[in-house]
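Asks: Sequence:
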Amino acid sequence: MSFSSRSSWRQKGYPLHRRSSQRQRRINIMSMPLLGEVINEEAEMETFDPSELPYFDFRTNLIDGDVMRLIDTVRRDDHKEFESYAYDKMKSLTMNVVMSQLPSVEYMSKSFWGVLHGVGLLHLACIFSAHSIIDVLLQRQHPVTMTEEGVTAVHICAAMGDYAGLRKVLMAGFPYLMQDKSDKLPEEFCQNYRYNDIRNYLDQLETVLSDSSIAENDDTDPDIFPNQEAISHRLHCTLALHFEAYLCTQVSPTRSYDDRTYCDCCDEVSEHEEFSCNPILNELISSRGKKFIKRPTNAFGQFETSRSSVMAEFVRIADDTQAESLEKLFFEIWNLKEPDLAVTLYGTVPQVKSFQKRFYNLIFGVFQKTMTWIVTDGSSDSVAEILSQGMRGYAEAYGLKTLQVIGLVPWRRISCKADLCSTDYLDSGGLASILEQCIAEKEYLLDNGSPYSNQEFWEVNTEADETTERVVEIMLQHWTESEINQDTIARVMGILYRSQLIEIFSEKDPNETLDGKIVSSLINTALFDNEKKEYSWKPRLKIAMELNRTDFVLEKILADVKWTTEEVTPFVRSCLLTNKVHFLQMFVDAGFDIHGFADAATVEELYTTDAQQNIGSHITIERVKKTLQKIMGHHFLTYNKENPKQPRIKRRNARKNATINMENIEDAGDRIYSHSQAGNFIQYLYLWALITMRYEVAQFILTLLTDMSTGALFAAAFLRRKAQMTKSPSDGLEHNRHALEFERIAVSILESCYFDSKESTMQLLVMERRSFGRLSCLMIASDGNCGDFIQHRACQEYMDRVWAHTLVITKSWGRVNSTPLNSFE
Numbered sequence: 001m002s003f004s005s006r007s008s009w010r011q012k013g014y015p016l017h018r019r020s021s022q023r024q025r026r027i028n029i030m031s032m033p034l035l036g037e038v039i040n041e042e043a044e045m046e047t048f049d050p051s052e053l054p055y056f057d058f059r060t061n062l063i064d065g066d067v068m069r070l071i072d073t074v075r076r077d078d079h080k081e082f083e084s085y086a087y088d089k090m091k092s093l094t095m096n097v098v099m100s101q102l103p104s105v106e107y108m109s110k111s112f113w114g115v116l117h118g119v120g121l122l123h124l125a126c127i128f129s130a131h132s133i134i135d136v137l138l139q140r141q142h143p144v145t146m147t148e149e150g151v152t153a154v155h156i157c158a159a160m161g162d163y164a165g166l167r168k169v170l171m172a173g174f175p176y177l178m179q180d181k182s183d184k185l186p187e188e189f190c191q192n193y194r195y196n197d198i199r200n201y202l203d204q205l206e207t208v209l210s211d212s213s214i215a216e217n218d219d220t221d222p223d224i225f226p227n228q229e230a231i232s233h234r235l236h237c238t239l240a241l242h243f244e245a246y247l248c249t250q251v252s253p254t255r256s257y258d259d260r261t262y263c264d265c266c267d268e269v270s271e272h273e274e275f276s277c278n279p280i281l282n283e284l285i286s287s288r289g290k291k292f293i294k295r296p297t298n299a300f301g302q303f304e305t306s307r308s309s310v311m312a313e314f315v316r317i318a319d320d321t322q323a324e325s326l327e328k329l330f331f332e333i334w335n336l337k338e339p340d341l342a343v344t345l346y347g348t349v350p351q352v353k354s355f356q357k358r359f360y361n362l363i364f365g366v367f368q369k370t371m372t373w374i375v376t377d378g379s380s381d382s383v384a385e386i387l388s389q390g391m392r393g394y395a396e397a398y399g400l401k402t403l404q405v406i407g408l409v410p411w412r413r414i415s416c417k418a419d420l421c422s423t424d425y426l427d428s429g430g431l432a433s434i435l436e437q438c439i440a441e442k443e444y445l446l447d448n449g450s451p452y453s454n455q456e457f458w459e460v461n462t463e464a465d466e467t468t469e470r471v472v473e474i475m476l477q478h479w480t481e482s483e484i485n486q487d488t489i490a491r492v493m494g495i496l497y498r499s500q501l502i503e504i505f506s507e508k509d510p511n512e513t514l515d516g517k518i519v520s521s522l523i524n525t526a527l528f529d530n531e532k533k534e535y536s537w538k539p540r541l542k543i544a545m546e547l548n549r550t551d552f553v554l555e556k557i558l559a560d561v562k563w564t565t566e567e568v569t570p571f572v573r574s575c576l577l578t579n580k581v582h583f584l585q586m587f588v589d590a591g592f593d594i595h596g597f598a599d600a601a602t603v604e605e606l607y608t609t610d611a612q613q614n615i616g617s618h619i620t621i622e623r624v625k626k627t628l629q630k631i632m633g634h635h636f637l638t639y640n641k642e643n644p645k646q647p648r649i650k651r652r653n654a655r656k657n658a659t660i661n662m663e664n665i666e667d668a669g670d671r672i673y674s675h676s677q678a679g680n681f682i683q684y685l686y687l688w689a690l691i692t693m694r695y696e697v698a699q700f701i702l703t704l705l706t707d708m709s710t711g712a713l714f715a716a717a718f719l720r721r722k723a724q725m726t727k728s729p730s731d732g733l734e735h736n737r738h739a740l741e742f743e744r745i746a747v748s749i750l751e752s753c754y755f756d757s758k759e760s761t762m763q764l765l766v767m768e769r770r771s772f773g774r775l776s777c778l779m780i781a782s783d784g785n786c787g788d789f790i791q792h793r794a795c796q797e798y799m800d801r802v803w804a805h806t807l808v809i810t811k812s813w814g815r816v817n818s819t820p821l822n823s824f825e
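Residue numbers (UniProt numbering): 1 to 825.
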């Protein structure tokens with residue numbers, strides 16, 4: 001059934017019984033209190049002209065009275081009454097809506113459409129922010145529809161400032177990059193400062209999805225696009241896109257304590273969270289039947305306590321969060337290791353010390369064998385309390401690197417929860433816009449595009465009063481008149497006096513990141529005016545290293561600075577200990593001699609620093625050499641002390657002259673080798689990186705070795721031997737995985753050499769490597785079970801050359817005889 005607006009019924013020449021029937025229907029409909037109607041003092045409803053109603057041109061299969069009742073049900077967000085309607089009949093409902101006649105015009109974006117034609121059921125629910133009905137429609141897989149203006153449900157939620165409804169439709173797969181007929185995206189309806197939450201939400205979603213598409217693309221260059229660490233860092237900042245939390249929408253003061261009034265949700269009334277910064281929208285949400293609604297979480301980040309120096313992560317989530325989301329939180333965002341075993345412990349433990357000690361030995365015996373997660377409760381006098389006491393001692397003995405604790409705390413039990421909530425959804429953003437526009441005009445007047453100008457804001461040919469008036473004009477573009485006073489103007493002017501310290505950041509710029517701008521601000525030369533330039537680069541470099549940013553160092557810190565090796569050495573040592581490979585690469589590119597740095601004292605100091613927690617004694621190169629020989633079965637690495645004695649090689653007495661010549665060549669090589677003592681210790685620096693599982697540092701040092709292919713095969717052999725000795729299956733798998741990575745590096749080098757010159761590759765395979773115990777690549781590959789390397793066509797061709805036509809197999813009297821075809825002297 002399809003019928004037109006009420007105002008058009010009188011203009012049509014219907015029979016009398018049709019018109020009287022329609023009048024009866026109109027009276028029945030108008031007897032209901034509808035949205036926008038006014039009830040007079042006698043509790044009687046005033047008569048309206050039907051043309052003044054915000055809805056017209058209905059197209060539906062429902063009967064007349066049910067249409068307005070359905071609209072009122074959506075307005076009240078009564079999902080129980082809504083589900084009583086037949087979905088097959090009401091899903092085709094469409095109408096035209098005059099948006100300016102709805103109460104939502106008070107908080108709707110001013111740039112949004114005044115009238116929408118062809119509004120569907122989901123559009124109407126988004127207009128009224130009916131979250132329960134939106135859930136019902138999405139569960140029934142309501143299709144994605146557009147109005148005649150090309151407006152989708154995402155456009156409407158964005159224009160209303162309803163980020164809770166926006167997340168629902170986005171999680172259901174509704175497109176957010178679809179333009180309406182005016183070529184506007186949903187984000188473009190959020191330019192007003194009241195809609196920063198929606199704009200930031202859509203920007204973050206676009207950033208995360210673009211990073212995901214980059215990660216799935218195999219042809220991308222890792223030097224151009226962000227790596228997995230950068231994507232994980234961005235996921236930390238966009239947890240609101242993945243998790244929901246509950247919000248109390250009805251403030252109910254129930255009790256007072258310590259001169260403070262608390263709501264029954266345990267939030268202090270003065271610090272109670274609000275749904276939005278618009279009181280009319282807040283009143284609409286609080287008028288619904290549900291006291292708690294789900295919305296994107298606004299409590300996440302990091303914190304640290306005085307009892308621990310470890311930075312802890314936290315996030316507030318709903319109790320019905322899906323297991324897939326928790327898996328993403330643990331292993332992708334927080335980068336936790338997947339456990340091999342999960343143990344659930346609850347109940348009580350006897351207070352007898354002997355039983356507790358036995359319990360400790362049982363549990364920690366499991367820890368040492370495999371990667372284990374223990375799931376327990378948080379009750380007092382339970383196994384959790386006993387286990388926490390043992391964990392404290394375990395952490396003191398072995399450090400916090402091998403101990404990870406995840407705690408679940410009810411939100412209302414946290415006393416400082418107001419401090420943990422973010423203000424991203426409530427901040428106006430007007431101050432940032434004001435400062436950005438003022439600084440842009442300053443740079444234009446000064447004809448200087450650099451934000452690091454030391455000239456003050458008023459060093460232009462203008463009067464102070466004129467400049468203040470201009471600043472006030474800019475403030476009025478972003479703030480209301482009631483928000484601007486003399487104190488506000490003075491604060492803004494005070495900030496502009498120090499505009500050289502301000503960095504402008506835009507999320508839409510793909511070449512900029514927020515942490516990069518923060519680093520650029522912290523190393524601003526204006527902060528170090530009291531220090532000389534030859535001394536100020538050290539604290540600035542330390543800040544950049546703490547924040548792990550290398551893209552500003554050469555340009556803004558080390559440019560025109562005459563640094564020495566002694567000055568940079570502490571920074572290089574810190575890079576090795578903290579696994580900062582990009583800084584190591586930067587120092588080497590800047591001219592730092594890593595071979596001269598890797599002397600005996602430095603390498604032994606690195607070994608001792610990592611071993612002090614377990615051994616507490618000084619580690620020498622000789623001790624490392626003996627330990628490596630026990631692990632690998634023979635000596636692998638070679639280094640010179642003063643005049644090392646080279647191992648002799650047995651040769652046949654035949655061809656004596658050729659043998660003498662070969663010995664002369666080797667003696668000459670030994671003399672050359674003995675003069676490069678400093679370069680040999682870098683192999684032990686390479687071994688240190690492998691032992692301490694600093695694999696990125698090890699791969700970087702591998703590029704500095706003379707024999708890269710041999711060094712990669714040695715790493716693969718060492719890690720596979722280490723995997724056999726470890727007790728933890730997860731650690732063994734990790735060692736084997738990295739061993740395969742190093743083996744693939746050796747295979748790629750072999751492939752490149754084989755492509756360039758086959759004959760040279762044949763000689764390189766069996767050439768003795770002095771820096772690796774006079775062993776050849778084939779011998780190391782065989783010892784380390786490097787099957788991919790040995791299966792390469794270069795190794796197979798060499799084997800064919802060695803064994804082809806040298807043995808003949810004959811059968812005689814049931815035996816197999818192998819007879820050499822060639823005779824040897």
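Simulated from the structure, these hints should not be mistaken for laboratory data. Note that CB positions come from ideal geometry on N, CA and C, so glycine has one too. Don't take each hint at face value.
[What the hints assert, rightly or not] Simulated restraints, written as ranges between beta carbons of each label pair:
| # | residue 1 | residue 2 | range |
| --- | --- | --- | --- |
| 1 | 345 | 84 | 45 to 53 angstroms |
| 2 | 328 | 177 | 20 to 28 angstroms |
| 3 | 292 | 87 | 20 to 28 angstroms |
Asks: Could you work out which of the previously given hints the structure breaks and list their numbers from low to high?
Replies: No hint contradicted; all consistent.
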